[in-house]
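K.L.:
Residues per chain, in single letters:
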Amino acid sequence: MLENVKMPEGINKDVMEHLMYPKNYGKLDNPSCVGVAQDEKTGEYVVFYTLLEGDTIKDVKFATNGCQDTVVVGSMYTDMIKGQSIEHANKALALIGKKLGTSMSKQQEICAEMVLNGFIASMMNYDNIQNGKTEEMHVLKMQESCQVEEQK
Amino acid sequence: MNTIYQKKHELWLHILFASFAINDEEIKSKLYDFSQIAFRHMKWLGSDLLSSNADYNYDRDMLLLKQDSVFAVLNALKDQVKQMQKLYSNNVLDKRVQTDDTYLLQYLEQLLQDQSNNQEVSAFNMQRKWPEADLDPVQTDALTLFLFEESYKEYELILVYAYMQARTNETLHFDVFQDLIDESHFHLKSFGNMMAKLGILALPRELHEMTYKIKDLEKFVKDGIAEEEAAKEMCKELSEAINEPKLSSFFDFINYQESYHIQLMQKLL
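Protein chains in written order, with my numbering: chain R, 1 to 152; chain V, 1001 to 1269.
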């Protein structure tokens, strides 16, 4: 019905779709592991649910109270890593800039890092659980806050 | 966790976003009133659950489909109300709530009988063309991002304040939360209608419990004041960037409103 609409110039269609309908948003009922990346300065977080089958990311979901940049990057990133290997997931974030269609601003880079840290935290949670530790979720504090001055 | 509460939450959003999607002012206004009734249902159902030592959360399981006609929007909404009707039990509150939904159903059916109501819906066409002025691509992008950012924020604030209001025993806090909820309803309504005009109407994303289960009220309020300050700045920047008299004065108005939100929030400290 509206699938073939021609987008006006500006934000590209891919980004618009991720804004309107973020992919893999929410939580998994039975994840293998859960990770959180937290920006203590702003109170923003990304929580990452990962379901693993061996080395493969069988399913993944994320949630955030952060900005739209975090939502778009999280949506794109989870879309890229679902069904892929952990190794692929560790490299995939570098490709986001290309998908966004522009080079990332400093703030977008920090948002992207927060998404990746959410995933890394979930992997740390997985390792901890494998090593017999009881841990509901693993939390990583962000070293850099997304509350940055944009360079003009 | 609690099916009736969750479905009522979803129904509130369905009615609210149907109101945003439809251009006819009379239908829009009436549906908005129904959405406010549904929100109060949520409040009463939630309060009922808490008083019986049960609980609720803000999980959702819903999609907002891209519709291109008023009848498609109304029929989808009618289905949702009918689904809701099946969930009510025989207790006094459920029965009372059900009579409101029955009246909504009657209203929807009445609208669906009149073919002249079946106008085109452009709320989802992604054209991003502001009908009241020519905005260049940079201005349109700025407005788009602002609306996504702030519509989510207002939805988040409504639910977080409602969650805290339901759990406070302090009258001052209760009153402040009510004022803040009312203010956020107005902002969400403004931004939702603007998104529809731009053709980018979409549901705000679901809230994770880390967002609304507040462990430290003081930190929450201080972070909230910082966010209000940031929103003020965004409105100011947008007002300057868009440079269109009607939109600029609207964003100045929102900017000034954030000032008394800050004042209200300070009362919570």
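Warning: the hint list may mix true and false statements.
Stated by the list, open to error - For lysine-lysine, the following DSS-like pairs were computed, each having C-alpha atoms within a straight-line distance of at most 30 Å:
{"no.": "1", "chain 1": "R", "residue 1": "23", "chain 2": "V", "residue 2": "1267"}
{"no.": "2", "chain 1": "V", "residue 1": "1066", "chain 2": "R", "residue 2": "27"}
{"no.": "3", "chain 1": "V", "residue 1": "1095", "chain 2": "V", "residue 2": "1129"}
{"no.": "4", "chain 1": "V", "residue 1": "1189", "chain 2": "R", "residue 2": "13"}
{"no.": "5", "chain 1": "V", "residue 1": "1236", "chain 2": "R", "residue 2": "106"}
{"no.": "6", "chain 1": "V", "residue 1": "1236", "chain 2": "R", "residue 2": "27"}
{"no.": "7", "chain 1": "V", "residue 1": "1095", "chain 2": "R", "residue 2": "41"}
{"no.": "8", "chain 1": "V", "residue 1": "1222", "chain 2": "R", "residue 2": "106"}
{"no.": "9", "chain 1": "V", "residue 1": "1066", "chain 2": "R", "residue 2": "58"}
{"no.": "10", "chain 1": "V", "residue 1": "1129", "chain 2": "R", "residue 2": "23"}
{"no.": "11", "chain 1": "R", "residue 1": "41", "chain 2": "V", "residue 2": "1215"}
What the hints assert, rightly or not - Examples of chain V residues toward chain R, derived with CB under 7 Å:
{"no.": "12", "residue": "1139"}
{"no.": "13", "residue": "1141"}
{"no.": "14", "residue": "1181"}
{"no.": "15", "residue": "1183"}
{"no.": "16", "residue": "1204"}
{"no.": "17", "residue": "1208"}
{"no.": "18", "residue": "1215"}
{"no.": "19", "residue": "1218"}
Hints are computed from structural coordinates only; laboratory data are not their basis. A virtual CB, placed ideally from N, CA and C, is assigned to each residue, including glycine.
K.L.:
Taking each numbered hint in turn, which are not upheld by the structure, reported in ascending numerical order?
P.N.:
1, 3, 6, 7, 12, 14, 15, 16, 18 and 19
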